[in-house]
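Asks: Going down the list, the sequences are from chains A and B. Quick note: the first sequence, position 449, residue 484 per my numbering, numbers continuous. Quick note: the second sequence, position 445, residue 480 per my numbering, numbers continuous.
Where hints are given, some of them may not hold.
Note that identical chains are pooled: a pair holds if it fits in a single copy or bridges any two copies.
Once the Cα atoms are required to be at most 20 Å apart in a straight line, the calculated SDA-like pairs of lysine to any residue come out as [to be verified]:
1) Lys497 - Asn364
2) Lys640 - Glu386
3) Lys573 - Lys597
4) Lys597 - Ser576
5) Lys574 - Asn606
6) Lys574 - Glu600
7) Lys38 - Asp179
8) Lys573 - Asn606
9) Lys37 - Leu52
10) Lys597 - Thr577
11) Lys44 - Gln566
12) Lys640 - Asn58
13) Lys497 - Phe615
14) Lys497 - Arg487
15) Lys640 - Asn53
If you are wondering where the hints come from, they were derived from the structure by calculation, not from laboratory data.
2 protein chains.
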Amino acid sequence: MKKILDGIKLPSDVKKLNIEQLNLLCGELRDEITEKVSETGGHLASNLGTVELTVALHYVFDSPDEPIIWDVGHQCYTHKILTGRDITGIRTEGGLSGFPKSAESEHDIFVAGHASTSISAALGIAQAKKISGDEGSVVAVVGDGACSGGMIYEAMNNAGRSGTNLVVVLNDNEMSISPNVGAMAKYLANIRSKESYFRFKDNLEHTLLKIPVIGKGIFSVLRAVKTFFKDMFYSSNTFEHFGFTYIGPVDGHNIEMLIRTLRRAQSIKKPVLVHVNTVKGRGYKPAEENPSKFHGVAPFYKENGELKKESADSFSSEFGKIVCQLAENDEKICAITAAMTDGTGLRKFSEKYKNRFFDVGIAEEHAMTFAAGLAAGGMKPVFAVYSTFLQRAYDQILHDASIEPKHVVLGIDRAGIVGGDGETHQGTFDVPVLTTIPGTVIYSPADYKELRTDLEKAFSAKGVQAVRYPRDSEKDIPEEYLADYRDFNYFKGEKDCLIITYGRLFSEAAFAAKETGASVLKLGKIFPLEQNPVDIAKKYSTVLFFEESVKNGSIAEHFGTKLSEAGFKGNYNIHCVSGFVSHMKAENAIKLHGLDRESMKTAVKEALK
Amino acid sequence: MKKILDGIKLPSDVKKLNIEQLNLLCGELRDEITEKVSETGGHLASNLGTVELTVALHYVFDSPDEPIIWDVGHQCYTHKILTGRDITGIRTEGGLSGFPKSAESEHDIFVAGHASTSISAALGIAQAKKISGDEGSVVAVVGDGACSGGMIYEAMNNAGRSGTNLVVVLNDNEMSISPNVGAMAKYLANIRSKESYFRFKDNLEHTLLKIPVIGKGIFSVLRAVKTFFKDMFYSSNTFEHFGFTYIGPVDGHNIEMLIRTLRRAQSIKKPVLVHVNTVKGRGYKPAEENPSKFHGVAPFYKENGELKKESADSFSSEFGKIVCQLAENDEKICAITAAMTDGTGLRKFSEKYKNRFFDVGIAEEHAMTFAAGLAAGGMKPVFAVYSTFLQRAYDQILHDASIEPKHVVLGIDRAGIVGGDGETHQGTFDVPVLTTIPGTVIYSPADYKELRTDLEKAFSAKGVQAVRYPRDSEKDIPEEYLADYRDFNYFKGEKDCLIITYGRLFSEAAFAAKETGASVLKLGKIFPLEQNPVDIAKKYSTVLFFEESVKNGSIAEHFGTKLSEAGFKGNYNIHCVSGFVSHMKAENAIKLHGLDRESMKTAVKEALK
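Let's have the full structure, built from the sequences with the hints guiding it.
Replies: In structure tokens form, the structure reads like this:
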């Protein structure tokens, strides 16, 4: 029973509350979010940090006429609740998406699963309003983490002098500011959000310059970015150079101050940047103490924050182990991540090989060209990256690493279907996209042992070498299909039907073949395709290709072309992922798209009829 | 006869000259460049602007051990000459590439045809040096134009505190600084490059802050970016916030000062930014007066700078005309370019519809998401972009414009083979890449009339609508093949052989069909493929698909898949572009890759044997 929250069906209900009630509402929202996320898992810390901010935004602005665009989008839970949605079962099949989704609500005006896009999108909407004479504001809420992405700068370059009613809220949840500076900052924020601001500006900047801000021993990229921003706020005001009016920093948990500041921003009628300090995990002790663990978290016990199930091994953790071992014997191996040290399994590498490890922040374009530079300098870099985020670096792989081939290993994590994150995070495009680039080699292991072989091959070859593997653990494979996997393995069955597949789906194919008598061709090196597997496939009347990829540009399609060129006249059926895959358990999506063993068995039986 | 230049075979020869000789050398280099570019066309203004800078760089640094990375790369002509290469016939078949190319010289350590990549690449090489204990410097030369690209910021975030011997030279060739500020700046540069710099820094910054820098009436993005940089240099030093030591600005045509400054930069042994002011077109009056015309220029008369051939109509100019006309009747049409107003034919639109025109700078990622934002706000944006640069925005098309479909029109210029720019600029990837994205529609007109129809269709549809067209003019088409082109047109011949193609190659196909009796299926809407054309093709014994695209993911491949699914048992041959295409006339490349009418005729005759 949540007294205030139960009465909120729409943002307009928020506007009726007084400050005391708003504060009570925030407490109830925290309870609701913690409770529901503890059941399903999801993004917790960032959502707890933005409760007051979201309430204040909906109090001040008129969504959806004054739309609020979330960057990255995983901090939108409060927004979902205030716009009349129940987050029970969020990120699970049938429940809400964990990201903004226009199909759910008119208040979700722009999708956001990848970082650093919000100012570009918001500026577009704001320009549209300006052209049509609509005076409403458009709000973009950006976390400081997203500020390492180049798109933020590209957008700022265009936004500041656009003359639009754009309000950028910088949700700054990690900068630790010393008490002195903090006190000064608050003082300044107070003055700055008053009418007298403009007159006092020059004097203030003079004062600001006296504040010491650059600490010693600041080395990591994340720190560098944050220091840069910190410097901008306190010493010079780079945002104002871009043309923004700057207001802040504001205590992101003081609802009264937030409302006053946002109202001021709304009234300025030109691009404004509001700098808000928030605390990740605010109000839930385990999350405040360990915001990283509770960033994206599995189901946990609300009482103590302990996970309901300890995390198992995974392709990511195995990848990390293998790369560490390889690096021990080869001083040239370097590892790069774009803000995903833990997600990609590189934590240990980062500690053990400090000088050969590079976390570049959310900056996949730079990461790829930087990797090509390391290779040009004689190193052997591996860029470990989620399939979906590698999409950002297509041009860099092609232009910087392939036209003049550089030996860069890509460790492509979360390849194929990913599960709860849904449409914005699927790894179903990397294969089609990489195979357009001349010279690329792609491996897709079915188990950990093959992952190791593939990485060894990748590190000892030339050019762009991609090893792609799914989220989660290796799957069971029937004993008679276990082998020392090579570039391809052929398991002959008694029936005139051949299943071709690779990676995680090999487990499904092996079970289906065992039960139906079909043959299986397992690809290990999936690109470029060799002639041998084509010659094997050619002898069958029916060939079925199963693949966790969109169809256009898939290996299945390339294989079909080669079959046709080889004069194959049998039946060739491609089973791929169709369109964008929404959030549900990966195994369910695999079933839904006809890629599980039962679907395979049905297809084989159909072929043999 | 060039007295000094004739004696230069290697950078080490430059190091032997005294200042007087270096100045003479610069004059001779200017003559050589102007003369040779007047014959072949090429990038002139930027090369004339960087003569002294390049000479000074080779005087101070030891290339290739201390490599120089050029961003974008088209200003590398002096570098090519000083490293022993003859630029006669540059950009033409058999001549040098107009961009750095490692196959030509060990001094070209990193390819660069796309902007904003140099700091990432240089940082990679610098980190490799650091890891291996090599104390040499790595130099990146970045133009101010490239600074609107997000990669520059991503790289700066990572570079400043890297502890590497990285020297970034900012080649600032367009900022106009008022005489007062200029004088002060020179004074400061002088002080700053002296040993006393560090001690005086605090005082200097205080002084710097008193300089007024933000002019009135500065609106365009380019200006915004430049103002941002100008502000950085003079009011606060943002580069130093990133961790760079800043030196500058330096007169980029004073060789003595350049050498002194670069030596200082080399000696600092940590990341340094050297800010150099240069004049585009320096020393050749027509280019100084009209640097934009002489940025990338066709062959001209050296005496007066007049073009040898007036520029003809082109798909680009027609595109501009059509979009202007459509915008007259539809107030929702907006146009976006990424620093290519002239190249994409949008000059007139930019003048006529100021409030609906957006030049975002070199920032394709932002451009695409901004377009999606405009669409979300009810506008009908067209993003006019070269095929090769659209590669930068793959993720934005997919994630921001397609998962939740936004009606964005893409005007894809320079689609297919491009000619003199070579490998880094080919438009042979956009089709494979776009067809991976569910919901995309692609048109490829064969002539101007069809370009109009396609654009009309694209503006009246939904989702991402791409219209792609080649560089240069429409081609001759035999009269009997002229038609009111539709989504597909079928021209039945008497022979049992079908040629399928689209776009510019239709001209080749029509001539080939006319002479051989083959049938032709011309696609207009090339994606998604409809069933009708497949049903037509199915009836033939031989189907030949010709396409200006790489093969993997091509329409030819998708068509083949559909044919196979339709039970086609005939011969299907795909003729596509193979690998990366080097610089030569487009028509020659088309021949080389077997896509011209003669190759088509041979293929038809072969099939009919």
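Asks: With reference to the structure, classify each hint as holding or not holding.
Replies: The hints, checked one at a time:
1. Taking the closest pair of Cα atoms, lysine 497 and asparagine 364 come within 20 Å of each other only inside a single copy of the chain (19 Å); across copies the shortest separation is 55 Å, beyond that limit.
2. Proximity of lysine 640 to glutamate 386 under the C-alpha cut-off of 20 Å is found in neither arrangement, the shortest distances being 52 Å within a copy and 65 Å between copies.
3. In this assembly of identical chains, lysine 573 and lysine 597 lie within 20 Å of each other by CA distance both inside one copy and across copies; the values are 10 Å within and 19 Å between.
4. In this assembly of identical chains, the alpha carbons of lysine 597 and serine 576 lie at most 20 Å apart whether taken from the same copy (16 Å) or from different copies (18 Å).
5. Taking the shortest alpha-carbon separations for lysine 574 and asparagine 606, both the intra-copy value of 11 Å and the inter-copy value of 18 Å come in at or below 20 Å.
6. Taking identical chains as interchangeable, the C-alpha atoms of lysine 574 and glutamate 600 lie at most 20 Å apart whether they share a chain (14 Å) or sit on different chains (18 Å).
7. When the C-alpha separation of lysine 38 and aspartate 179 is checked against a cutoff of 20 Å, the pair qualifies neither within a copy, at 34 Å, nor between copies, at 58 Å.
8. When the C-alpha separation of lysine 573 and asparagine 606 is checked against a cutoff of 20 Å, the pair qualifies both within a copy, at 10 Å, and between copies, at 15 Å.
9. Proximity of lysine 37 and leucine 52 under a CA criterion of 20 Å is satisfied intra-copy only: 15 Å inside one chain copy versus 83 Å between copies.
10. Taking identical chains as interchangeable, the C-alpha atoms of lysine 597 and threonine 577 lie at most 20 Å apart whether they share a chain (15 Å) or sit on different chains (16 Å).
11. Proximity of lysine 44 to glutamine 566 under the C-alpha cut-off of 20 Å is found in neither arrangement, the shortest distances being 62 Å within a copy and 48 Å between copies.
12. For the identical chains of this complex, lysine 640 and asparagine 58 are neighbours neither inside a copy (62 Å) nor across copies (82 Å), given an alpha-carbon limit of 20 Å.
13. With identical chains, the CA atoms of lysine 497 and phenylalanine 615 are at most 20 Å apart between copies only, with a shortest distance of 17 Å across copies and 33 Å within one.
14. For a Cα distance limit of 20 Å, the shortest separation of lysine 497 from arginine 487 inside one copy, 17 Å, qualifies, whereas the shortest one across copies, 46 Å, does not.
15. Within a single copy, lysine 640 and asparagine 53 get their C-alpha atoms no closer than 67 Å, and across copies no closer than 84 Å, so neither meets the 20 Å cut-off.
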